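Engineer: Both chains are sitting in their own frames, so use the hints and assemble them into the complex.
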Amino acid sequence: MKIEILGTGCAKCKALEEIAKQAMVQRGGFHTVEKVEDPIAIMEYGVMSTPGLVVDGAVKSSGKLLSLAEMLKILDE
Amino acid sequence: MWKETVDYLTVDLLGLTGRVNDAVNFFIYDTIKIWFLLITIIFVVSYLRTHFNTEYVRAYLQGKSLIFGNVLAALFGIITPFCSCSAVPLFLGFIQARIPIGVTFSFLISSPMNNEIAIALLFGIFGWKVTVIYIGFGLLVAVVGGYIIGKMNMEKYILLDVKPMDGELEMIQIKMTFQQRAREAWDYSKDIFTKIWIYVLIGVGIGAFIHGYIPAEFIASWAGAGNPFAVPIAVLMGIPMYSNAAGVMPLVEVLTSKGMMLGTALSFMMAVTALSLPEAMILKRIIHIRLIAIFFGIVGLGIICIGYIFNFIF
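As they're listed, the protein sequences go chains E and W.
Letter 7 of the first sequence, counting from 1, is numbered 7 in this note's numbering, and no numbers are missing.
Count along the second sequence from 1, then add 77; that gives the number in this note's numbering.
These are computed hints drawn from the structure, not numbers from a lab.
As the structure is a prediction and not an experimental result, all values here were calculated from the model.
It cannot be assumed that every hint is accurate.
Result set (DSS-like, lysine-lysine): computed pairs, CA atoms no more than 27 Å apart in a straight line [to be verified]:
| # | chain 1 | residue 1 | chain 2 | residue 2 |
| --- | --- | --- | --- | --- |
| 1 | W | Lys272 | E | Lys21 |
| 2 | W | Lys252 | E | Lys60 |
| 3 | W | Lys272 | E | Lys12 |
| 4 | E | Lys12 | W | Lys252 |
| 5 | E | Lys64 | W | Lys267 |
| 6 | W | Lys252 | E | Lys64 |
| 7 | E | Lys60 | W | Lys240 |
| 8 | E | Lys14 | E | Lys73 |
Take a look, some chain E residues computed to stay more than 12 Å from chain W by CB distance [unchecked claim]:
| # | residue |
| --- | --- |
| 9 | Lys12 |
| 10 | Glu17 |
| 11 | Glu18 |
| 12 | Met24 |
| 13 | Gly28 |
| 14 | Gly29 |
| 15 | Phe30 |
| 16 | Thr32 |
| 17 | Glu34 |
| 18 | Glu44 |
| 19 | Val55 |
| 20 | Gly57 |
| 21 | Leu65 |
| 22 | Leu72 |
Every residue, glycine too, gets a C-beta built ideally from N, C-alpha and C.
Looking at chain W on its own, in the form it has when it is part of the complex (with noise of 0.2 Å):
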């Protein structure tokens, strides 16, 4: 209906053809269509949210089992929210309640990758199959790098000393009525949104842009089969790129519609949201680069195998 919407106002209205119709159409379809999705869907997270906050799920992982503690870790990590200014004060506050840093390094790859904003946009742009597979390899990762950096003995790489609690911490029941959960919801679905619309604007335009304009051949052989090194390559070139996660994907979208495989297009938006170099510098602070360097390095190859797997079967 809503294509339909869009296509009696560029062609009738506007009476635009060929190219120019192609781009225009597609801007004004997929920047309402997933302005309206991202909107529908923090609010959901964000209102299941008002019933777990960081502090609960740190309660509730304390004395979990190794590999069921990182499983548990992984999944809390869709749900809450995350900010790389969060990351130091959540990694000690979880290794003072003696959570074992295997699961620790759980959440903290969970998290970021599993994002609202980015299920958000994947599903608005890719559809559900996508999304899920995107966060049941999200999931996947999390918790396998997790348990094997649990497995390295790496608490010696912790640069503060913290000390461990002593017995288990409450479980904080957290006390809100419908209406203020849902007022909560709602003022934080609309600071994200006044914060990221503009990305997405200019994301879906450049797609635009290349949806009418760019030829296929051009991406396909820069991204497509014929070229063995696009998954390493659109890895390294998501790390930098954290912030700008709402204008990236929708870009995504255009050229994997160009013959850009899709788990090339895949491995590239885990590593903008899982590899994020402003994390990685606040965490500095706290532990030694070489953990750094780990974390980053058992991220970012499980990512490429991904990749690799993706564009193998499909």
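Chain E with its partners taken away, still in its complex shape (with noise of 0.2 Å):
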């Protein structure tokens, strides 16, 4: 999975690429957590609200930080 944090470097944004990092040592195999801060990159992804995440591509949340059970629930979707 590929996994993408967007925000443009609050503190919020930090965290959840916090979790999503151990989320995916919880889970393990083979994962990449990119963060994205450029904002027109941010934008494509239809996001306003930072932090946003992405996986493969697609928008699963975004203006929320996700625990780390909820985090654990998207990837598992």
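Structural biologist: Quick look at the structure:
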């Protein structure tokens, strides 16, 4: 899976990136977690409230700091 | 009832009298009252918010006519959350959806000014009348300010080249159960409260000291009817205080009870919430400093006018 965290560098965006990494460690397997900071790239996903979560190119959540449990649930879908 | 409980606690149980009782009583009464209202109002607003997120607002505003769009954008500003770190994607996202720059600014002015923390504090401190006046004039500044900026042909000051999207956005329906919405609203309220309770405590603490120990003549001579420049000075002082709104507002209550005029207080509080330096710094990455200056200038002038009108009427 390719996980992207959309955010311009606010505290919540960094926290979400950490949670994504923890979720990856729990799940195991081969995944990448990437931080997208370019405003144009964020805009192209149609996300306006950061942090946003994109899994394999599809927007899964925006404007929310997910908990580890919520993150795992989204990744399981 | 709450007043009697606090009176019983400070007078009968602790045996306080005079100035010390004034200050301690005020401190306990105000802190707990404001905390309670903060949690309640933030919960209600964030529950409503689970129905409208920013992406929904954008889809709704797309293609609306000019003045109607300004009014709608200002109204949506009440309910949607605003964090200065979201200002950039929000601004670009609106432009991308071909929403006019003036409508975008109506939203950018209204959203931080009418945020749930400010509303809860105003309601807790000044009661519903001042809250309604604050929201009403806040909306007016947002609508008129956005409209004027829209008429000034400012598109050339957007520094990034945003490609307008084709076609219409789809309205995204958010599917959640009542429990999920309540859960999310509660998490959000808790999150905000843990961040600001200490500022309320400090603000009311300083306020309690002024309440008990600083004579009214002192404040009235600086911020009362005797000082014709009180309003613009209050606005300038409000600009750097954005992050401390929760602590500043309890202080304003004490200042008004000691003779600061209500219009001056209102201008000050609007400047605290609407003119935020961090937001300006962040927007500087995508829009020219000249447009930011015009944005601050128009909002600042609007707020100053409101202050003078108010001081004149009341």
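Engineer: Run every hint past the structure and note whether it holds.
Structural biologist: Quick rundown of the hints versus the structure:
1. W/Lys272 <-> E/Lys21: Given that 27 Å is the threshold and the Cα spacing comes to 25 Å, the pair holds.
2. W/Lys252 <-> E/Lys60: With a Cα-Cα distance of about 13 Å, the restraint between W/Lys252 and E/Lys60 holds, given a limit of 27 Å.
3. W/Lys272 <-> E/Lys12: holds, 13 Å
4. E/Lys12 <-> W/Lys252: holds, 24 Å
5. E/Lys64 <-> W/Lys267: holds, 14 Å
6. W/Lys252 <-> E/Lys64: At roughly 16 Å apart (the allowed maximum being 27 Å), E/Lys64 and W/Lys252 satisfy the hint.
7. E/Lys60 <-> W/Lys240: Roughly 24 Å between the alpha carbons, so the hint for E/Lys60 and W/Lys240 holds.
8. E/Lys14 <-> E/Lys73: holds, 20 Å
9. Lys12: violated, 8 Å
10. Glu17: Fine: 14 Å to the nearest Cβ keeps E/Glu17 off the interface.
11. Glu18: E/Glu18 is indeed farther than 12 Å from all Cβ atoms of chain W, at 16 Å.
12. Met24: holds, 23 Å
13. Gly28: Holds: least Cβ distance 28 Å, greater than 12 Å.
14. Gly29: The claim holds: E/Gly29 sits with its nearest Cβ about 29 Å from chain W, beyond 12 Å.
15. Phe30: holds, 30 Å
16. Thr32: E/Thr32 is indeed farther than 12 Å from all Cβ atoms of chain W, at 22 Å.
17. Glu34: Non-interface label on E/Glu34 holds, nearest chain W Cβ at 17 Å vs cutoff 12 Å.
18. Glu44: Label violated. Min Cβ-Cβ 9 Å, cutoff 12 Å.
19. Val55: Fine: 17 Å to the nearest Cβ keeps E/Val55 off the interface.
20. Gly57: It holds; E/Gly57 is separated from chain W by about 17 Å at its closest Cβ, greater than 12 Å.
21. Leu65: With a cut-off of 12 Å, E/Leu65 comes too close to chain W, as the shortest Cβ separation is near 8 Å.
22. Leu72: Given a closest Cβ separation of 17 Å, the condition holds.
In terms of the numbered hints stated before, the structure departs from hints 9, 18 and 21, listed from lowest to highest.
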